[in-house]
Structures are given as structure tokens and as C-alpha cells.
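Colleague: These protein sequence lines are chains S and H, in that order.
When the letters of the first sequence are read in order and numbered with UniProt numbering, they come out as residues 1 to 132.
When the letters of the second sequence are read in order and numbered with UniProt numbering, they come out as residues 1 to 137.
The hints are simulated quantities; they were obtained by calculation from the structure and are not laboratory data.
There may be inaccurate statements among the hints.
Claimed, not checked - Pair ranges (Cβ atoms, derived):
# : chain 1 : residue 1 : chain 2 : residue 2 : range
1 : S       : N119      : H       : R24       : 43 to 51 Å
2 : S       : S96       : H       : K111      : 45 to 53 Å
3 : S       : Y118      : H       : K14       : 30 to 38 Å
4 : S       : Y118      : H       : M93       : 28 to 36 Å
5 : S       : G10       : H       : A4        : 54 to 62 Å
6 : H       : D88       : S       : Y118      : 48 to 56 Å
Note that the structure is a prediction, hence the values are computed from the model and not measured.
Virtual Cβ for every residue (Gly too), placed ideally from N, Cα, C.
Below, each chain spelled out in residue letters.
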Amino acid sequence: MERIPILKMGDFLLVTIQVDLYDQLAENLESDLINTINKHNSKGVLIDISAVSIIDSFMGRILGNIAVMSKIMDAQTVVVGMQPAVAITLVELGLSLNGVISALNVEKGMDLLRAKMYNGDKEEQTYDDSNQ
Amino acid sequence: MTTATNKEELFIVKEQDVVPLRNRVKEYGVKIGMSILNQTKLITATSELVRNLLKYGGGGRVIIESVTNGRDLGVRVIFIDKGPGIKDINLAMQDGYSTGKSLGLGLPGTKRLVNEFDIQTELGNGTTVTIIKWKNG
Ligand SMILES: Nc1ncnc2c1ncn2[C@@H]1O[C@H](COP(=O)(O)OP(=O)(O)OP(=O)(O)O)[C@@H](O)[C@H]1O
Ligand SMILES: [Mg+2]
Chain S
1 MERIPILKMG DFLLVTIQVD LYDQLAENLE SDLINTINKH NSKGVLIDIS
51 AVSIIDSFMG RILGNIAVMS KIMDAQTVVV GMQPAVAITL VELGLSLNGV
101 ISALNVEKGM DLLRAKMYNG DKEEQTYDDS NQ
Chain H
1 MTTATNKEEL FIVKEQDVVP LRNRVKEYGV KIGMSILNQT KLITATSELV
51 RNLLKYGGGG RVIIESVTNG RDLGVRVIFI DKGPGIKDIN LAMQDGYSTG
101 KSLGLGLPGT KRLVNEFDIQ TELGNGTTVT IIKWKNG
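Just need the whole structure built from these sequences, with the hints factored in.
Modeller: So this is what it looks like as C-alpha cells:
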């Protein structure tokens, strides 16, 4: 069965989605990620979707699930590189990716995850490009 | 009047049929020079409707056409299943209505993404959904 590789980088997991998702692939990714977070006690998950040209309600929901599940396991999820056309389409479809933190690219996403780690005690924070 | 200039038909019986369908629909959009944004909306709509066709309709067939109305070029996609049909179409078209414990976004969201949307359904006889995305729509 086809699976999306998950890369371990220290405390973080990096997933680069290179193919267009279909339902089974997205579901496998969700369960694989949860297992991997659990196994390595990871603190952050970075999902690069810059190569993904379509996200419909099902896949959008899976991204939301991943964010919620990882949070429960004390890991933060950041989605990076969403194409503008994909973002606009999701809004028009009516799907708001509540709880999914996004960043422009992998580098910015990494910064976000690190900031989150070093401010681990503090509860909810909002991050933007300005250094707090 | 909308006329078709080119068409093909694909049979959709399993989830693995979805990716090739999305790719074919994209090729139709590319061929008429549709923008990336309109292509993305069309393919996302296709993805939603083909999931309904598989999940509720038990599979079916999809017709992809290049169409013109004299002023603009477009892509028409027709989803035909012989499943149970939809009992209350007004309800099904509402945001958040789902019999499948889902988000209930597929039908109303798809309607927002395309330029023309038509749904015909008959209990016990199946459902046909027709969408058109115009190149400049
Ligand atoms: N082809 C079909 N045959 C029979 N019933 C259908 C069909 N398509 C949709 N329906 C019915 O209409 C309802 C609404 O469909 P819609 O796609 O809007 O939402 P959903 O599929 O339940 O959720 P989502 O698409 O957000 O995952 C479905 O729950 C189902 O009851
Ligand atoms: Mg649906």
C-alpha cells in the first residue's frame, strides 16, 4: 500500500507530500503520524503541502484531525506552503482549517515550531513573522 | 445554448479511479487555457462529487466534455449513479446536512465552486449531477 514517508529530525517530524492525496493515502498518513509521534515522543510536526494542487473537504478534515490529535499528544502541527489557489478554493468550499497553524515555507514553519518548543510552558500563543 | 465539442466517459467503481479522473478533468481545463484558480475549483468540485457518487451512489460513470456557449469555453462534468437517490434535495443542498456523519459540505460547496450546477435525483433510481466551469467564469 502506498504511504507518504515521515522523516524524523530531532524532536520534529517532517512530511513532504509530493503527490496529490486521495482518501486512503490521507488516512494512512493520519494514522502513521500519530503512531510516529507516539513512538518518538515528537514535539512538532511539519507538513509541507507546497506540491499539493488540490485539497477537498475530506483531505482538509484529515489535516485538521492531525492537528488536533498531535496537540493531544503534546506536539504542534504546522502546515506549510499551501498554494494560493488551494487556499481560496477551501474557503469557497466552506472549509475552515480551524486549529491548523500555517506558515509560508519550511524555514518559517521550523522557526514557528522552535518558538513553540522554547515557550512550551506558556499556553496558547499566536505567532507571526515579527519576533516576539 | 451549450454544445459539446469533445467528450469521454470514465467508469468509477473504486477509490483508485478518482485520481485518474481528477487528472483527466485537469487536462480538459488546461487544454482550453483555464486559469490555475479555476482549474483548482473545478477539480475540487469533481473530487467532492465523485466521492458522493462512490459513497452514496455505489459508483457510476462520469462524462467529461469540452463545451462552448459561443462566448466562452468551458468544461462540463456529469456524474451519473444508479444508487438510492436523494430523499430531500433541498435539505441535501444545505451546508452541514449529511447522512454520512460528515461535514455536509460537498453539494453546497461544489455549487459555490462552479458556474453551473444541476442535480436530478429520483428515489430508487439514482442521481445525476452536472457542473460547468467556464474558462472565464
Ligand atoms: N450521489 C448521491 N446519492 C445518494 N445520496 C447522495 C448523493 N450525493 C449526496 N447524497 C446525500 O446528500 C447528503 C449531502 O451530501 P454532501 O456531499 O453535501 O455532504 P456529505 O457527503 O454528507 O459530507 P461531505 O461531502 O462534507 O463529506 C449526503 O449526506 C447524502 O445523504
Ligand atoms: Mg460529500
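Colleague: Now tell me if each hint is right for this structure.
Modeller: Do the hints match the structure? See the list:
1. S:N119 / H:R24: 43 to 51 Å: The hinted range 43 to 51 Å holds for N119 (chain S) and R24 (chain H), with Cβ atoms some 48 Å apart.
2. S:S96 / H:K111: 45 to 53 Å: Distance hint for S96 (chain S), K111 (chain H) is violated at roughly 18 Å.
3. S:Y118 / H:K14: 30 to 38 Å: 47 Å, violated
4. S:Y118 / H:M93: 28 to 36 Å: 48 Å, violated
5. S:G10 / H:A4: 54 to 62 Å: 56 Å, holds
6. H:D88 / S:Y118: 48 to 56 Å: The hinted range 48 to 56 Å holds for D88 (chain H) and Y118 (chain S), with Cβ atoms some 53 Å apart.
In terms of the numbered hints stated before, the structure departs from hints 2, 3 and 4, listed from lowest to highest.
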